[in-house]
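S.K.: Listed in order, the protein sequences are those of chains D and S.
Going by our numbering, the first sequence wraps up at 220, each residue one higher than the last.
Going by our numbering, the second sequence wraps up at 1429, each residue one higher than the last.
Simulated from the structure, these hints should not be mistaken for lab results.
Each hint should be verified, as a subset may be incorrect.
Computed Cβ-Cβ distance ranges for the label pairs, DEER-style [what the hints assert, rightly or not]:
hint : chain 1 : residue 1 : chain 2 : residue 2 : range
1    : S       : Ala-1048  : D       : Pro-76    : 55 to 61 Å
2    : D       : Pro-76    : S       : Trp-1376  : 54 to 60 Å
3    : D       : Cys-217   : S       : Ala-1403  : 56 to 62 Å
4    : S       : Leu-1421  : D       : Gln-92    : 19 to 25 Å
5    : S       : Glu-1325  : D       : Ser-176   : 19 to 25 Å
6    : D       : Cys-21    : S       : Glu-1325  : 25 to 31 Å
7    : D       : Ser-62    : S       : Ala-1407  : 41 to 47 Å
8    : S       : Arg-1418  : D       : Thr-23    : 25 to 31 Å
Bear in mind the structure is a predicted one, so any value in this text is a computation, not a measurement.
Think of the CB as a built atom: it goes at the ideal place given N, C-alpha and C, for glycine as much as any other residue.
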Amino acid sequence: MAPAIHIRDLCFAWPGQTAPCLTLSALDVDQGEQVFIQGESCAGKSTLLNLIGGVLVPRQGSLQILDQALDALSPPARDRFRVDHIGFIFQQFNLLPYLSALDNVLLPCRFSATRARRAGARPVEEARRLLDALEVDAGDAARPASTLSVGQQQRVAAARALIGRPELILADEPTSALDPRRQDAFLTLLGKEVAAHGSSLVLVSHDPRLASRFDRCITL
Amino acid sequence: MKTLLPLAWASAWNRRLSLTLATLSIALAVALLLSVTRAREAAQTHFAQSVAGGDLVVGPRGSPVQLLLHAVFHLGDASHTLAWKSYQALAADPLIAWRLPLALGDSHQGFPVLGSTPEYFRHLGDGQQQGLRFADGRPFAGLFEAVIGAEVAARLGYRTGQQITLQHGASHLDAHHHDEDANHPEHADKPFRIVGVLAPTGTPVDRTLVVSLQALEAIHLDWQGGMPMPGLSIPAEAAGKFDLTPKHLNAVLIGLHQRTDVFRVQRQINAFGGEPLMAILPGLAMDELWQLVGSVERTLHGLAWLVMAAGLAGLVAVIVASLGERRRELAILRSVGAGRRHIIGLLVLEGALVTVAGIALGMVVVEAAGHLLAPWLRTRLGMDLSGATLSIEALQRVGAVLATGIAASLIPAWRASRMALADGLLPRL
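Could you build all of it, start to finish, from the sequences and the hints given here?
M.R.: This is the structure we're talking about:
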């Protein structure tokens, strides 16, 4: 089975800068593995996310997602690849405020036929099921995303990342806007759903306390 | 498109206040543009209908446009006249089917009074059909009988059987200012009876009172130099005893047996030996007049396009200004698979939506204003907007607006795609 992420001798620098802002000699994540990456806020976490998401292209080294070298793809193809195979969860403000929670969850299915297909015959049903599993009730699902609490928003974002069973879920400090008790509940729900989908999870955070519940821990 | 339109709509709805204002400014510009176009078209139709009555207009030599304005639209003062003898000489021409003498100069409550013959009602028309229809009554037959146009009747509330007196002197263009006509002495001693009211035609006939040439002679029997002669007063009953053959006319309208003879007859009249005469083709003189009016129309059009440019610039400004607060939105869209072309498509769609909404609103405003103002325009200017629909030209203009709106939306679209590329998935807020 192809590794979810395969990185060797990665080096990235912004155009016009000589000093690289991120170097990474090796990173391998197997499919189904849940990995915790711990790094300080200036350690290039967001750059790594943008590289794995195919928004940035490495200057040197190889970066393969599911055996696909991202720099071999054209920008539109990278955009398609991203939505077909990766679900993102950010720190906060994950949702389009003018859409309902349900429509936010369905967004990847709008842009990716692959995700829509994998979400089943009726993606709406799958979205409802995911929201239910992540403890967002049907009434809240119909409300505009901007009216939901931060905790609810993060769970809606998790449902959006999971819909259509992408192989890889990338989460960037998804719990930093939550209080400790809700952090725990959120990570439990997320871990359970990711495992149920058989996806890989890469969670990036500065907070080492989260590491205990992951298969593997890497420090950036 | 199917992916983006609901998103573009939802996003635009989320910022509806500022976008509504942009829509309004575009709607106003579209309304301005369309009403200039429509007014021009209505005026053109109105003018074309007005000159449909004859093949040639004959008058004293001078400016063709002036003769046209005077003879057809009864506007302005005629500086020259032609002699009755010349009118009679035209009868000898076998190519001429009919002649209609026209004498102007008096008015009633600001409406022009035209002296002619009962033939007038047979030869003039509304552009669709020859001959004027009577809403009520009949053509004049007796000396002090008058037939009034539809609008004269409607505005002054006149019916057949009523008595009216004429004022000496030409009408004022704006009938609302008939206080000024108080300066004009009245022909109060010789009142006219209204014997007929014409059906509406959408031509200057609607604004005209028609009497016989003899009647005009009769009311001026005891006048000289534009004033009643002191010490002389000829009562109405006695007027019939005088020779009432007119001595001067302002113009003659001519119909031919064969329209193809029109240039031949025109040459003959222009070469007339008795006095310097001029025959004009109403359509050609109208084109000349139209060139004068055309420059005004072009200026108005230029202004309308400037307003349109301001409206579209406002739209671009509103969308560009919104981009700063939409960085997060663009990043989220990127993370769920939106590429550069999607971002561009989304913003162009937004601009197009606002432009389309503005165009639709502008068209509604023009239609509504057309309906509300149609009676007013008809009475004030004789222009008929009721039949006006969207012409090809108006549609072309609307299409040009839409294309410009979409092209203008490329500015924020390009900027948004640059921002989205630079920000990636995590904008620094």
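S.K.: Are the hints correct? Go through all of them and say.
M.R.: Checked hints:
no., hint, in the structure
1, S:Ala-1048 x D:Pro-76: 55 to 61 Å, "57 Å, holds"
2, D:Pro-76 x S:Trp-1376: 54 to 60 Å, "58 Å, holds"
3, D:Cys-217 x S:Ala-1403: 56 to 62 Å, "58 Å, holds"
4, S:Leu-1421 x D:Gln-92: 19 to 25 Å, "23 Å, holds"
5, S:Glu-1325 x D:Ser-176: 19 to 25 Å, "22 Å, holds"
6, D:Cys-21 x S:Glu-1325: 25 to 31 Å, "27 Å, holds"
7, D:Ser-62 x S:Ala-1407: 41 to 47 Å, "43 Å, holds"
8, S:Arg-1418 x D:Thr-23: 25 to 31 Å, "28 Å, holds"
Violation of the numbered hints given earlier is absent; every hint is satisfied by the structure.
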